[in-house]
Amino acid sequence: MKRLLLVVVAWGLIIHPGRSQTVSEQVLFSLDDESIPWHDNLKLTMVPPKKHPANPVMGPGAPESPDGKGTLLYGTVIKEGDKFRMWYIAWPHADKRYPDQVYYRPVAYAESRDGIKWEKPNLGLQEFRGSKNNNLVLIEPADHTYSRANDYVSVLRDDEETDPARRYKMAYIIYDRPARHSTTVTAVSPDGLHWQLANTKSFTKGHFENTSLIKFQGLYYLTGQNTGGYGGHLPNGENAGRAMTGFFSPDFKHWSGERTLNFFRSHRLPGPENSGQELHMGAGLWNRGNVIIGLYGRWLGDTISTAADKKKITPVYGLKMDLGLVISNDAVHYREPVQNYIAVANGGEDEWDAEAILQAQAFHNTDTETYIWYSHWHTNNPFP
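According to the working numbering, the stretch in the sequence shown is residues 4 to 387, in order.
Among the clues, some could well be false.
[Said to hold, decoys possible] Straight-line alpha carbon distances no greater than 20 angstroms define the calculated EDC-like cross-link-like pairs of lysine to aspartate or glutamate that follow: (1) K86 / D370; (2) K53 / E352; (3) K218 / E164; (4) K82 / D117; (5) K72 / D154; (6) K208 / E241; (7) K86 / D194; (8) K313 / E276.
Hints were generated in silico from the structure; no laboratory data involved.
Could you put the whole structure together from the sequences, leaning on the hints where they help?
Here it is, written out as structure tokens:
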């Protein structure tokens, strides 16, 4: 019997029963009621994963480094050969000498042999505050507005790609200050470290924050969340608040002109954004060949404090968030195998992941375990 390992990076790691997949096999999950619709006398019992005792497995760097304030796995983990590769968001401390970096969270890179002990190699590629001695990836052309990554990175290794220069594909967001919203940008790379912009025109319509980039049955799918009234509407026209929405592309160059509503929490009652039971950042997705599973953020807005003194600190003071489970057979429509099931709970009051936890595009099967990495968000801390 395999176990599923939950890993964390300042964040953590988790373990759960899993099964390796080859290209030719079909993956069948007992929780997939479309692939297995006949289940008389069968009962589905969900078994939660176990958090790794070494959590958090990666923390902030030196105070002056790009991730001196924090490491956020709004990112991706991929196993290549005998090495795990991670792309994550680095969060530097604010510095008055760099006023243009008040909210600057660039794409950083780390490696590991076992998925638990991580190293941040000195790539020497991207300048950060006067030095290239860091682990930031390079996005060119460096002088383009879209090369300035700000948040949320998703990386895909595309083994079906015939052009070696486009083997790796990446999506991240930049903040469009004049329009006062974020937009998703895409880039391609031969090695995952040296990137070239793939699109220089916004296609994500309004405020969009991506979480996952996958390729499923020949199409690329970019999923995340729309907030602030942009998209995410229910079939009857009501605003769905924070909901999982997505775009698709046949070639990673031309993207759908319309978005789809992938998933929303069906028991949510319409109300002011942030205040209720919503869905945070779409879902971190794992393409298993014939089926997709994922973890989504269960935004528990009713835990946010309304005390006036707390609101001066941060608008999400007190927010709790855990992770739910979704599944899809077509990369467009997602559902919960068990409604409102908590797949990964946030930690106890004195633990590092006590407040809100964040999903990622970060899964891997070993011969005996499945690794799932996740991150955390100190919602009681002030911004930036």
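Taking the hints in turn, this is what the structure says about them:
no., hint, in the structure
1, K86 / D370, "holds, 15 angstroms"
2, K53 / E352, "holds, 18 angstroms"
3, K218 / E164, "holds, 11 angstroms"
4, K82 / D117, "holds, 10 angstroms"
5, K72 / D154, "holds, 14 angstroms"
6, K208 / E241, "holds, 18 angstroms"
7, K86 / D194, "holds, 14 angstroms"
8, K313 / E276, "holds, 18 angstroms"
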